[in-house]
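Novice: Residue strings, one per chain:
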Amino acid sequence: MALLIKGGQVIDPGRYVGMGDVLIDGGKIAAVGRDLPASPGCDVIDARGLLVLPGLVDLHVHFREPGFEYKETIQSGSAAAVAGGFTTVCCMPNTNPINDNQAVTEFIVERGREAGLANVLPIGAITKRSEGKELAEIGDLHRSGCVAISDDGKPVMNSLVMRRAMEYALAFDLTVVDHCEDLNLAEGGCMNEGLVSTELGLPGIPAAAEDVMVARNLLLSELTGARLHLAHISTAGSVRMVREAKARGIRVTAEACPHHFTLTEAMVHGYNTHAKMNPPLRTGEDVRAIKDGLRDGTIDVIATDHAPHAAQEKQQDFTEAPFGIVGLETALPLTLGLVDEGVLSLEQAVTKLTSAPAAAFGLRKGTLAVGADADVTIVDRHAQWEVDPSRFRSKSRNTPFAGWKVKGLVKTTIVGGRVVYGSAP
Amino acid sequence: MGLKRKDLLGLASLSTDEIRLILDTADSFKEVTGREIKKVPALRGKTVVNLFFEPSTRTRTSFELAAKRLSADVINFSPSTSSVVKGETLLDTARNIEAMQADIIVLRHSSAGAADTLARGVKSSVINAGDGWHEHPTQALLDLYTIRQRGLEFKGLRVAVVGDVAHSRVARSNLYALTKLGAEVRLVGPATMMPSGVDRLGATVYHDMDEGLRGVHVIMMLRLQLERQGRALFPTIREYARLYGLTAERVELADPGAIVMHPGPINRGVEIAPDVADSLSSVILDQVANGVAVRMGVLYLMSEAG
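For the record, the sequence lines run as chains E and Z. Quick note on the working numbering: the first sequence kicks off at 5 and runs consecutively. Quick note on the working numbering: the second sequence kicks off at 27 and runs consecutively.
Simulated from the structure, these hints should not be mistaken for laboratory data. Yeah, the Cβ is synthetic: ideal placement off N, Cα and C, and Gly gets one too. A couple of the hints might just be wrong.
[To be verified] To be clear about the criterion: a stretch of chain Z counts as covered by chain E if any three or more of its residues have a C-beta under 8 Å from a C-beta of chain E, and this derived list gives those stretches: (1) 115-123; (2) 149-159; (3) 216-228.
So that you can see chain Z by itself, here it is in the shape it has in the complex:
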């Protein structure tokens, strides 16, 4: 039993069965990451290439660790050390990597659709590690894993996603997956941060954070890109923090057992108050830990499918 697809480009195109299969597979690898010797031979002899066109420490490290724990050979490519700067197209770069017998290419790119373009052009499996504002499927999968780990059911689950949804691939992937799994998704933020027509994707938009948080089981905070202040999305960090920052008082509005999530890296005191980030309801570090297991699951299933 595996995934019957060459690539993992996004969660919009995944069935709920496929999502559950990935989460279940991650479960079995979660056990491995707790052992003394955290390594299994599942991907021995396979080559995983991390092709990161955008700077990223945590996602790349997480994929690298996941691949190494599966005994794959891992190569890291990033634009500054490759020939991309010389005007080579994405496809040419990827074909060169493919010629080195890469089995799986993990792609991070600043343009939406880059993973789709790549997947069409190469025979290797492609895993999207974030493309522009489009999708970041493994992040959403680790979010789902973390939610499930806390014993929460997806059906009827109320989730508030707070912040700059328009420019967030994490928000889109979570929106697609959570609505498929039967959760109610609320998007909280000013209209400048809401993408056009998003309500037609099954979400409800709230401009008032207090209203949006009332009774939710999961509060998912998004990182505020501080440089967007100059792009007229919000007036000042001070006002943003006041209107859309998560404080202990606001957590009180949610369901008593609510958990607080954040894809990181966090801006303490901006979108999330330090005491909330460090509180018992915060599962932010669990997310990071689960990321490795989920990515092991994805890499394993992709290598089986390929």
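Next up, chain E with everything else stripped away, as it sits in the complex:
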């Protein structure tokens, strides 16, 4: 069944930017251009006044299944994804059991297929049980569908193990993703170390805990030639080092999260557990550096680090509450906020949510190229709305953006040529 999206402002980064139509046939993109004719029986979506984008790609989500289904399931997480305009999501392996073997990977892929909403792509563990000691069966993980490897929240502290992982991953051209945190420097910390942590008497995580590991990973990538992706960088130091590494030709990509370019550590005042995430919210100076990094291309990707937690977990006192916030249903408007602020052009913003993340993991996604999977997101760029967590599709409501007035509303999300969210023709 063919579908024609007519009259929108198409932004296919690096390919087509301007008014045009997108024709979908057989679940693939059939054509992009002006005044495409509607074949008889073809469904038509009127996209006049709307943005027509490649489906958004999120390299960093936690869907909690298997093991923590009370926080999120692959079904509810996928529903949140498509509601936020994301058609492809990459699931971090810190489930229970950890995704360090083929069986768990296949389970996630199968659950994603059953949900039938977004493309759910697993990220495998680097080491067995993410203990940082022995390599997981990375070849098996790759073969069964993992698109990258990471020990995420349990970063590989042993530099030799990390070196070996990078070398081994070369055989499969798999990107190695690291959550950069020196666990000794960060130990016990629950927010950024600085004036606010001192005032609140909370144990801090210094920026250096991130910077030290960014430096190590860049050096190991240089040593091994591995493809390195730095998850959620949050400090001015990280941005500076990645910029320098890129200039020297190291194969590194970096991502930033909307909360790290929108909020500062001041948000923690009052012991607000919705401002508790890892890496923590940093200073205004760090936020400026992240924006500069996004602007000049040092930071390639915007990812959510969508980390759902149950209400009772976030209602604990600040030091006990778990790290993380949900992000899938707020990431697009917060990113468009950077366009309004003049930090990014609209095309740059779209790039960081589509083609750039796809390229970082070598996914054939994030594009409207003819023949590509027909994953499309249609957005009303100017629609204002208020963030109301009770309306989230996610099972969890842990967001610091409740009540925020934002701009940019997802109207329709299409995956594989099928409308999975919003208004259908």
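Start from chain E and add chain Z according to the hints.
Specialist: What follows is chain Z alone, placed relative to chain E:
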């Protein structure tokens, strides 16, 4: 005239007028604690719950005595005897206590912010009796009371706080209150024990104790948590005592009338030499005695406000 607030969570948010009101109220109760019959009916029919998640003898006893002298009914809850061990959250525990018509909950907890979390969740008044490294307002209030009792003015007062400031709620509460009242606060200790950015809160940091003590009117020693040696904060107790222990010679560097304070319990021979702890300049036992009067004042004002 009372405090116009439901809770006493810390001194950072108190005005100087509120601080003075508490000290003045404590004054009137100080007289009660010297009587033959040390009891007034101010809180008769009210229930005060001591909810202590961290072991504490002196603070809990002091609050208990204060509440009893005000004729309140006092209940002591501690984790080992309550359901907290079964995974109940702080808020659930507190709501259960509240359901028993507690008027005032006195909370001691190992996590900074626990009192804030509790205060948001219950209608009872909450008094913070120490939350993690954050604040211990009644301790600082009794310190201020003791300073004032000695006839010292806060304006222009030079106070040295010596020891592990980073992990001390007593230091933070005193820092907030003393700077508000116009005192000069010096923080003395190695950089491993100084919290990041503390100089931006109006204090001056000294790594050399002799320099830090020169000319001060008040020497406030902090208790060294001996178990922190393994956390690379200091190499040995021996070296700590040599660099940051208060000796009679060091007291000589301070103003001639300087007083020596300590929130207790003291490590004799570590942060404070035995002869200094027992000397005339030491007001350590006055602090303990004043603690009851100050807490009576706080309980009274909170019950009036509620």
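Novice: If a hint holds in the structure, say so; if it does not, say that too.
Specialist: Hints, verified against the model:
no. : hint    : verdict
1   : 115-123 : holds (count 3)
2   : 149-159 : holds (count 3)
3   : 216-228 : holds (count 6)
In this structure, every one of the numbered hints holds.
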